[in-house]
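Trainee: Residues per chain, in single letters:
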Amino acid sequence: MLTGYVGFARALRRAGVGCGPDRVRAYVAAVEHLDPGRRDDLYWAGRLTLCGEPDDLPRYDAAFDAWFGGVEPRRVERRKPLATRLASLNGGAEQDGRTGRLATAASDVEVLRHKDIAGLTAAEKAHLGELIAALEPVPPRRRALRTRKAKSGVPDASRTLRAMLAAGGEPAKPRYRRKGTRPRKVVLLIDVSGSMSPYADALLRFAHVVARAMPTEVCTLGTRLTRVSRQLGHRDAEFALTSAARAVPDYEGGTRLGETIKVFLDRWGQRGAARRAVVVVFSDGWERGDPALLGEQLARLRRLAHAVVWVNPHVGKAGYAPTQSGIIAALPHVDRLLAGHSLDTLRHLLKEINRA
Amino acid sequence: MTPDELAAELDRVGYLPDAGVTTAAFLALRMHRPLFCEGEPGTGKTSLALALAQAMSLPLIRLQCHEGIDASQALYDWDFPRQLLHLRALEAAADGALDPDAAEASLYTRRFLLARPLLRALEESPCVLLVDEVDRADDEFEAFLLEVLDTNAVTIPELGEIRALVPPIVILTSNRTREVHDALKRRCLYHWVDHPDLAREVAIIRRGLPGVSERLASQIAVAVGKLRELDLLKPPGVAESLDWARALSALGRTELDAETAAVTLGAVLKYREDATRAVASGVLG
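As given, the protein sequences belong to chains A and B, one line each in that order.
Every letter in the first sequence is one number past the one before it in the working numbering, and letter 118, counting from 1, is 118.
Every letter in the second sequence is one number past the one before it in the working numbering, and letter 60, counting from 1, is 60.
Keep in mind the hints are simulated off the structure, nothing from the lab.
There's no promise every hint is true.
Stated by the list, open to error - Sample of chain A residues at the chain B side, in silico, Cβ under 7 Å:
id, residue
1, Asp22
2, Val28
3, Ala29
4, Ala30
5, His33
6, Asp40
7, Leu42
8, Trp44
9, Pro54
10, Leu57
11, Arg146
12, Arg148
13, Ala163
14, Gly272
Stated by the list, open to error - Straight-line distance between alpha carbons at most 25 Å, and here's what the computed SDA-like set of lysine to any residue pairs gives:
id, chain 1, residue 1, chain 2, residue 2
15, B, Lys234, A, Lys151
16, B, Lys226, A, Lys151
17, B, Lys234, A, Gln270
18, A, Lys179, B, Glu67
19, A, Lys179, B, Ala71
20, A, Lys179, B, Gln73
21, A, Lys151, B, Phe80
22, A, Lys179, B, His66
23, A, Lys179, A, Ser197
24, B, Lys234, B, Leu198
25, A, Lys115, A, Trp286
26, A, Lys173, B, His86
All C-beta atoms, glycine included, are put in the ideal place defined by N, C-alpha and C.
Please model the entire structure based on the sequences and the hints provided.
Mentor: The structure is reproduced here in structure tokens:
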């Protein structure tokens, strides 16, 4: 019978629920306390011990029905890592003769700084990755709730008393306290639809660097919303990017900005992720859905957030005019519209985030 | 005790559990594992802890988490002003012949220790410890909570280890404003609390407010159920249905019609956009 439970846990892992050995042990222990002959008990024992977030629940339900109904659940399709997929995207560029280290050595950092990311060769992209990793973001700060010691401010009774105690009970100079600061949250919403795909890798790299430096939520926008903060929280950039790419199901698909931003606000933003945060939306503003919905959702976002910055890779290019339906609907609710097509503009964006 | 008996006990104190909550609470008691409850606001996560404490006749110790909470607010703190007074008193009594070592030792004793909720729970166990809205606390606090929950003991440098004789029953709640770290969840039973089904919601309203008629209670439950499907900014929870029922009975209404609903909508929907959408959709009759 024990092998049956462990087998079920394995099937569940294949279905995408991250239940490690300790969860499986808790599961077996839970079944022992209950009556496994009852379907309800069997169901709840697993759901309480093997699942860890609401996204797990539908997978669990399907796996439970399949396993205890006799059919093994369908294997989740493995996705090619982002690196491989990007390589295939850049296949054309790589055949233009300027491949390998030579090209990297030749491409001057100064040139790369201002060059449009979409027009880079594979070697230049690899170099750009290193340059992005070397960025040093400084988090924006906000006033904290709690006070800390300071040169001036309100008198700090307990520290003054301690100083007096140290001086043997003699009067001491009064000490003061004042409200400190804490890093402000940053939310990055990255459009990974087809029209943004030349920038997606660089932007995710950028997001990884930001996420390592300050409290950050990262979500990708496309036909649906995917939260990749957890994947990008990993220290190793390549590992983080590969797992983020695996989590995004709608890479290079269409865009439904309004709907996905609404999902973000409903699931995360309204509850706290966007409150008092600096929100950065990376998108070219091509909206397949209803632009009115996008405007409405951005207005809502603007009310929650400390600042909303829209980064559009096309803004920096000559002859750009905000004509896309999405951008027109969004502009009234955006604090700043910035360019984001090159390393230099990303560096400028970091400054704007810090100043927001 | 069987799960059914536990359900009956919870029922007795006015909490109507479904199969999931019953099994979760039962396993938490049996396996001595903390129970991590997550779900929409107003689905009865906190009241489960209150009901469990009442049903088991155990004291409830509540730790409300907030941003910036730290060990001195959650675990213990030394009562500095009292220590100072004590020292002054010793000085006065000894009249210059104070033994500094003995004086210092007398300062760091249990009587000058202020026990905060976590330490109190360990000392007073068996009890129910409610760690409310753990998602509001910072990540560092989670790591610290993890240590206490794992060992059921606390080490105070000046005093030594304080260990719970019986592990307390721990219930953690989260509204999911932030993803809680997996290391914490892994040590807990995880229960996602959903809105109750129609029959249970009617029963909950009737139980909470016996003065409300069966007919009015089911009208409220049906209306709230429809509102939850409306794609609102904040779908109403059970707490809101109860508020609504309370508002209606305060007004002496026995029927939920469109006009009554419109004037009391503020009890259920807390956003202007939601109210407009609800009225426009016509689900209120």
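Trainee: Run the structure past the numbered hints and jot down the numbers of the failing ones, going up.
Mentor: Per hint list: 2, 7, 12, 13, 15, 16 and 23 violated.
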